[in-house]
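All chains, full assembly: derive it from the sequences and hints.
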Amino acid sequence: MLSVTANGYSGTYDGAAHGISVSCSGATIKYGTASGSYTLTSSPTYTNVGTYTVYYQVTSTGYTTVTGSKQVVISKRAAT
1 MLSVTANGYS GTYDGAAHGI SVSCSGATIK YGTASGSYTL TSSPTYTNVG TYTVYYQVTS
61 TGYTTVTGSK QVVISKRAAT
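Residue numbers in the sequence shown follow our numbering, run continuously in steps of one, and reach 80 at the last position.
Zero decoy hints are in this set.
Cut-off 20 Å, straight-line C-alpha distance, at most; resulting in silico cross-link-like pairs (SDA-like, lysine to any residue): (1) 70 - 53; (2) 70 - 40; (3) 70 - 33; (4) 30 - 57; (5) 70 - 35; (6) 70 - 43.
Worth flagging that the hints you see were computed from the coordinates, not collected in a lab.
Dropping the structure here:
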């Protein structure tokens, strides 16, 4: 079985782009914005306040494909 590490993002709006991170040694990782559609070679990123789901697929010869999803959550910052 592939050893996959995946992390989402949760933080307050800071104007920067945020995505998820997925790692697996020696494997091919693809990303998508819809389940079952993995066409991106890097995580999509988001800047605006909201909750976004990013899907991923990890493949390697001789192993069962691993799929999953993580969220990017960007919260409003407190008024100053």
